[in-house]
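Which chain is which? The protein sequence lines are A and B, in order.
Be aware that the first sequence starts at 6, since it is given in this note's numbering, and climbs by one per residue.
Be aware that the second sequence starts at 763, since it is given in this note's numbering, and climbs by one per residue.
A hint or two may mislead.
[Claimed, not checked] To give an idea of the chain B side of the interface with chain A (calculated C-beta under 7 Å), a few residues:
hint : residue
1    : L783
2    : V792
3    : G798
4    : I800
5    : K802
6    : K806
7    : F820
8    : C822
9    : G823
10   : D857
11   : G858
12   : P860
Rather than coming from a laboratory, the hints here were simulated on the basis of the structure.
Where is the CB? At the ideal position from N, CA and C, for every residue including glycine.
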Amino acid sequence: MIYADNAATTKMSKTAIAAMLPYLEDVYGNPSSLYVTGQKAKEALENARVAVARCIGAEPREILFTSGGSEADNQAIRSAAAIGKKAGKTHIISDAIEHHAVLHTLKKLEAEGFAVTYLPVQENGIVDPAALEEAIRPDTCLVTIMTANNEIGTVQPVRTLGEICRRHGVLFHTDAVQAVGHIPVNVKDDNIDLLSASAHKFHGPKGVGFLYAKRGVRLENLIEGGAQERGLRAGTENVAGIVSMAAALEEAVGNMAQNSVRLTHLRDRLIAGLSDIPHSVLNGDAAQRLPGNVNFCFEGIEGESLLLLLDDKGICASSGSACTSGSLDPSHVLLAIGRVHDVAHGSLRLTLGEDATEADVDTIIEAVKAVVAHLRSFSPVWRDLCAGKTAFIL
Amino acid sequence: MALYSEKVMDHFRNPRNVGVLEDANGIGTVGNAKCGDIMKIYLKIEDDIIVDVKFETFGCGSAIASSSMATELIKGKPVSDALQLTNKAVTEALDGLPAHKIHCSVLAEEAIRAALEDYEKRKAAAQ
């Protein structure tokens, strides 16, 4: 099997698994308990906080452990909105290609009276910093723009965006779920006030993540209860998961430079190979993208059938077609970068992991070529395109 | 648990009656690319019997499997039988479809009906 869906989730690293086991087997105490095994768990929790903070250039007290990226996004945005509301500022700026954890939270806030400006992205999937600066109003309380996109892998100019926000005194949140552990992220250098991350995207366990909140940015808690996480996130901590996440992140950051070079090479080889397929297009910027991310649209075919046939060939991938999203519309990200519905249905996302090889990439290229050709061979859309009855879009 | 039944996967992997009928006397196309599903059915009818049928489909796995199964269900049958084909029959023959994929079997029923209507229209025009 070739697992090429690392943007969906990653395989846990051996280091991450080994790190969590003692906290499942022996040190199972509640970190809030005062006896030794509880305090050992508490110590592990705080060591994990130090490690996670160091990996993103934060201070330990600026790290809040959550159940994952979605919770962190919800809490970051709700907190910034609450701060804004107290100051009479109810305008938020985001963009068209955010994850639904951000978009749906913003929709709720709109229903509660907030105004949200969704910046368009350019065809390469990147937010224009000048457009952000123009959109900032006196009543803007928050800008939330992701570090890297989960579908098309584009990496935003976060440092520039953060600098603009700081200059205007507006809080800047970034959903860095796809970025942390894969590309350098430093909250101080990048002018970030709030950042969300998720362990299972960097070879840690599922169900655990963290929220960075710059010192002085007051968080609202989403979950009421005990005084865990300084009263900002009630519920007994997922000690094993948190310890494992810290180990996974330290490992990912430690190997980032070499992994990035290798993966970028494999990614570009894959892009070059798939570009040979006629009437196809790479989605997202060719250079400003995550090291392992490849996303294409192929005209005349539909994405779900493509995925099923790739699965038959032992390749795990993903698509932004309506049939795979469970809705009637294809991916909002593909539509936002200007792909029309007809073409967006035929999308394929391949996200390589650190253990991918050149042979894997070549196998994927051959498999995709064969499957696309097969599906086109009995596609009425493709027939009409080839017969000149309709015009090619790609 | 797999997304689809073995029957669906079989018809998706090895679609029956796939292709074009150059001498078709009834052709029906339904769906649109915007929604992600298009089915085109070609019928060759002689003495009110469907002697041959082919299909082309742009769509997901269940759309392809539904077209394949629908063509199997009407091949060699009288037109009057084909007119009775329901999406329920297609779904049942496929050992079921996930709830959000039932529309694929509806599309197959509509495609066959559209091809039969085209055949009737051509017949009326010829007379």
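For this session: Just pull the numbers of the violated hints for me, sorted ascending.
Result: 1, 2, 6, 10, 11 and 12
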